[in-house]
Each structure stands twice: as C-alpha cells, then as structure tokens.
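Colleague: Sequence:
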Amino acid sequence: MDIMHFLDIIWLARMPILKGLGVTISISLLAICAGTVLGVFVGLALTYGIRPLRWIVRGYTDFIRGTPVLVLVLASYYVLSTVGLQLGPFQAGVLALAVFCSSHVGEIVRGALQSIPTGQTEAAKAIGLTFPQTFAYVLGPQALRHALPAWVNTAAEMVKASTLLSIIGVAELLLRTQELISRTFMSLEFYFFAGLLYFIINYAIERFGRYVERKTAVPT
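Using full-length UniProt numbering, the first residue of the sequence shown is number 1, and each one after it goes up by one.
Derived from the structure by calculation, the hints contain no laboratory data. One or more hints might be untrue.
[Claimed, not checked] Below, computed lysine to any residue pairings styled on SDA-like, alpha-carbon distance capped at 20 Å: (1) Lys160 - Ala75; (2) Lys160 - Gln178; (3) Lys125 - Val138.
[What the hints assert, rightly or not] Pairwise CB distance ranges, derived in the manner of DEER restraints: (4) Asp62 - Asp8: 13 to 21 Å; (5) Leu188 - Glu213: 17 to 25 Å; (6) His5 - Gly59: 27 to 35 Å; (7) Pro132 - Ile10: 46 to 54 Å; (8) Arg210 - Ser182: 49 to 57 Å; (9) Asp62 - Ser115: 34 to 42 Å.
Quick caveat: nothing in here was measured; it's all calculated off a predicted structure. Just so it is clear, CB atoms sit at the ideal spot from N, CA and C, and this is done for glycine as well.
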C-alpha cells in the first residue's frame with residue numbers, strides 16, 4: 001500500500017469524510033442524550049412506580065432490549081410512515097437509537113438506584129424532602145457513580161449502532177466510506193481509516209466518562 005497515495009486521496013475526499021463524521025457524531029449525540037433522559041424516567045418507573053406502571057415499563061424495556069437495532073431502525077423509517085408519521089432518515093435513525101438507548105439506560109438506572117440502601121430514602125423523608133428533592137440531592141448523585149461505567153459502554157454502543165443507519169440512506173461515516181471505496185477500490189485502507197475515526201469518537205466518550213467519574217468521586 002502506498003501511504004502517500006492514500007493520504008492524497010484522503011485529502012481530496014476530506015469533505016465527504018468530514019460530512020459523514022459530522023452526521024455520525026450528531027446522530028450519536030442526539031440519541032445518547034435523548035435516550036439517557038428517557039432512560040432515567042424508565043429507571044425511576046421500574047424502581048418506584050406503582051405496580052401497573054412497572055408492568056408496562058417492564059414490557060417496554062424487555063421488548064426493546066430483545067429487538068435488534070436494525071429492526072427498530074427499519075420500523076422507525078418504514079412502519080411509522082404507514083400510520084401517518086413521516087420521518088426523514090435522520091429523524092428516524094435518531095428515534096430508533098434513542099429508544100434502544102433508553103431501554104438499556106433504564107435498566108442501568110434501576111440497578112443503580114436499587115443498590116442504594118433504603119435508609120438513604122427514609123432519612124430524606126425524615127427531614128422533609130420531597131421525592132424530586134430526594135432524587136436530586138440524595139439518590140441521583142449516588143446512582144450516577146454506580147451507573148457511569150455501564151452508561152459509557154451504552155454510549156459507545158450507540159456510536160457503533162449508528163453504522164446501521166446507512167441502510168435507510170443516512171449519509172453517516174460508513175456510507176460515505178463505502179461511496180469512496182466504490183470509486184477508489186481501496187476497501188482495506190478506507191475501512192481501516194473509518195475504524196480509526198470510530199475509535200477516536202468512542203475514546204472521547206470513555207475519557208468524558210472518566211472525567212465525570214473523577215468529578216463525582218467521594219473524597220477518601
């Protein structure tokens with residue numbers, strides 16, 4: 001492989017690659033943020049909701065977690081359009097990944113909350129805190145420390161799952177890479193380069209998780 005020749009091609013194709021990388025980052029960020037917010041409510045419902053609500057939310061999480069991401073992507077794009085909800089490829093992709101992310105984050109939050117001794121909640125009630133205040137000042141910070149490592153793994157999975165959106169025409173990094181390969185026939189080189197970019201994104205997520213973990217650590 002001629003490294004210099006490949007670097008020249010990369011430079012000439014920098015705009016499609018950067019656009020694909022930007023789409024991948026945008027979709028992943030939106031899906032992770034939306035999925036995390038929804039997942040927190042899912043986790044709260046699984047832990048503290050009334051029994052009928054817990055049954056409904058449990059069915060939601062089990063169904064979504066047991067469904068392949070590709071099926072969710074296709075359903076968001078094709079099935080929703082049959083009931084009058086027209087979503088573009090970008091919006092459908094974000095919706096599918098956010099829903100999938102929420103089911104995993106919900107389980108992470110549930111496990112983190114249940115790991116906190118019940119005495120913490122009872123003590124908060126004893127001093128007159130409402131449940132939102134208890135969650136904000138007592139349960140949430142402790143649950144965050146327990147949930148963070150698993151959340152980082154889930155966020156990284158969302159980045160990797162974004163590659164499936166090329167099947168509905170989202171021009172993310174993988175689709176842009178495949179377009180370049182079809183013109184240059186340099187499959188090994190471009191797939192390696194795309195893998196390097198995905199690694200950089202996930203490494204940034206991992207470092208962000210480490211940063212938050214240090215900031216929320218209990219001083220010893």
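Colleague: Taking the hints in turn, state whether each one holds.
Modeller: We went through each hint and held it up to the structure:
1. Simply put, Lys160 and Ala75 have alpha-carbon atoms about 19 Å apart, close enough for the 20 Å limit, and the pair holds.
2. Simply put, Lys160 and Gln178 have alpha-carbon atoms about 16 Å apart, close enough for the 20 Å limit, and the pair holds.
3. For the given pair, Lys125 sits about 11 Å from Val138 by alpha-carbon distance, which is consistent with the 20 Å threshold.
4. At about 51 Å, the beta-carbon gap between Asp62 and Asp8 misses the expected band of 13 to 21 Å.
5. Judged by the Cβ atoms, the range 17 to 25 Å given for Leu188 and Glu213 is violated: they are separated by roughly 37 Å.
6. Remark: the range hint 27 to 35 Å for His5 to Gly59 is contradicted by a beta-carbon distance near 55 Å.
7. Evaluation of the 46 to 54 Å hint for Pro132 and Ile10 yields a pass: the beta carbon distance comes to about 51 Å.
8. One distance hint, 49 to 57 Å for the beta-carbon pair Arg210 and Ser182, is violated here, with the actual separation near 39 Å.
9. Distance hint for Asp62 and Ser115: a CB-CB separation of about 21 Å, inconsistent with the stated range 34 to 42 Å.
The structure shown violates the earlier hints numbered 4, 5, 6, 8, 9.
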